[in-house]
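Student: Listed below, chain by chain, are the residues.
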Amino acid sequence: MNRPTFTWKLYVAAFYLFLFAPLLVVAIFAFNASPFPSPPWRGFTLAWFIGSGDAFGKPGVLVDPIWLDTIANSFKIAVPVALLAVVIGTVNAWVLERAEFPGKTLLSMMMLWPLVIPGVVLGISILAFFSRVANGLEDWLQTDLDFLRPGLPLVILGQLSFILTISTLIIAARLRKFDRSLEEAAFDLGASRARVLRTITLPFLSPALIGAGLVALLMSFENFNTTLMLVGSDAPLPITMYGQMREGASPAINAVSLLLMLGVGGIASAFALTSKAER
Amino acid sequence: MSMKSAPRLTLYLLLAPAILWLGLLIVLPHVEILILSFSERVAPRVYAFGFGNYLEFFTEPLYWRTFARTAIMSILVTALTLVLAFPIALYIARVARGRAKAMLLLLCLLPFWVSELVRTLGWMMLLRETGVISYVLRAVGLADQPVELLYNDGAVILGLVYGGLLFMIVPLANALESLEQAVVEAGFDLGGSRWTVLRRIVIPHAMPGIVAGSIIVFMLTVGNFATPVLLGGKNGLWFTEQIYAQFITRFNWPQGAAFGMLLLLLSSAIVWAGLRLTGQSLGTTLKQA
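Those protein sequences? They're chains A and B, same order as listed. Residues 1 to 279 (the working numbering) are what the first sequence spells out, left to right. Residues 1001 to 1289 (the working numbering) are what the second sequence spells out, left to right.
Hints may be right or wrong, so weigh each one.
Claimed, not checked - Stretches of chain A that chain B covers, calculated by requiring three or more beta carbons in the stretch to come under 8 Å of a beta carbon on chain B:
| id | stretch |
| --- | --- |
| 1 | 29-43 |
| 2 | 48-54 |
| 3 | 154-167 |
| 4 | 194-205 |
Hint data in this document are derived by calculation from the structure and do not stem from the laboratory. Cβ coordinates follow ideal geometry from the N, Cα and C atoms, glycine included.
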C-alpha cells in the first residue's frame, strides 16, 4: 500500500487539478479586458476592480455602489453573528461542561439538531414563525414590527440558529481541556469569581473564542440557503452574486469572487494560526 | 435568598440563551411549519386543518417526481463522491508523509473555504457554450462549433460531487489514519492481493469514516439550492427549488411548509437509516467529520 502505482499518482494529480480548475478560472478572468467573463483573453486590466466604467459601461467593484452596499451588508450581518456566536457559545459551553441538571443529555443532543436540518428548511421555518409572531404582536400593539419581517435582523437570527452549534462545540472542546485546579488555586488565594473568570478562565479559552468567532464570520459570509429565505432588500454578497449569475454576469462578479477568496483565505489562515496556538 | 437558590438562579441564567436559541429558532419554528403544512385555504384569508398540501404533493407529478429525482440523484452523488474521494483519502492517510501529507490535506481544504457561489461560478465559466472548455475544444480542433456542457444532469452531478468531496475526504482520511501498518502487511504476507487487502482489511476499517462522510455529503446535497439551480438551469429540478417557489414566488406558505417537512423527513430518514445500518451514533459521526 505504501508504494503507489503510477495510475494512482496520476489520479491524485488529476484530482488536484480538478479541485483548483474552477477557482483558477474565476481568478484569471477577473483581469480579462472584455465585457464578458469568457475567453478569448483580450489583455490584462484592473478595470473590473477600480475602473470608472468608461471602458466597459460598468464600473469596477471597488467603486460600484451596488457592490459596495452588498459588501457592507455582508459585514452588517457577519459581525453581529460572530459576536453573538462567541458570547452565547461560551455560555452554552459552560452549561455543557460545568453545570449538572436534569435533561442535560437531551439539551446537548438538541444542540446538534441544527446541523442535520437542511438550511432551506431552517430558513422557511424561521420566516413563518416570526411572521406569525409579528402578525400577532402588530394586531395587539397596533404598530409595525419590521424587524420580524425579512431583512437583516432575521438573516442574523437565521444564521445564528446553526452557527451557534459550531461555536458551542469549538468552545466546549477547549473548556473540556481546562485544568480546574488552576481556578481552585486562584479561589484559595482569595480571588473573586469575576476575577478568576477574567484572569484565568477566559485567557485560557481565548484561542477557542477567536477561532469560533472567525469560523462564525466565515460561515456567515458564505451562507446562502438560509439567508435566501430570510433576506429583505439589503442583500449580502452570496445573494447578489446569485442574482447576477442567473442573469449572465460581467467579469465584475469575478472580481468580487477574487476579493472574497482573498478575504476568506485571510480569515482561514488566521484561524489556522489560532488553532496552532491552541496546541 | 437562601443558600441553595443562588446557584439555581445562576443555572437558569446560564441556561437562558440555549433555551431561547433552541426554542425560538429551532423548535417553535418547526412546530409552526408543521402546523402550517396541515392548513388548507378554504376561503381568502381563512384556513382550516386538512391534508390537502400533502395530497397535492402526491397527485401533482411534477412535485413527487422532483422529490424522487432529488433523492435518487443525491444518493448517486454520494456514491460517486465516495468512489472519487477514497483513493485520495487513502493516499493522504497511508502514502504521503510529513510535509507532503499536510500540504495535500491543506490543498483539499482550501477550495472549500471559498463560497459555494464562487465555486459554482467557476464551473459555469468552464462548462458554458462560450466557456473555457468549449473554447479549448474548438482551438485544438476537436469541435467545430461551440459546445454547451452546462444546463444538464451531468453538470448538476459534477457540481454537487465537487461540493461534497472535502466532506468525504476528511472523515475518510481520519478513519484510514488509525489503521495499523502491520495489519495491512499481514494481509499481504498471507498472500492477499492488493484488491483483497483493500476489500477485506482497509474498507472495513474505514467504515466509520465512510458512514460519516456519506451522511454529511447526502445531507448537503439534498439540501443544496444554488448548485442545481445554476448548473442545471431549467433542467435542474431540485426539491429545494420547489420550496423556494412556493414560499417566495407563489406565496403559498402552507404548500411550501409541507414540502419543507417532506425534505426534512427525507434527510432525517436517510441519516437515521445510515446510522442504523452501520450501528453508529449521530454524536460520534459528527465528531468524525
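Student: None of the hints should be skipped; say for each whether it holds.
Tutor: Here is how each hint holds up against the structure:
no.: 1; hint: 29-43; in the structure: holds (count 6)
no.: 2; hint: 48-54; in the structure: violated (count 0)
no.: 3; hint: 154-167; in the structure: holds (count 5)
no.: 4; hint: 194-205; in the structure: violated (count 0)
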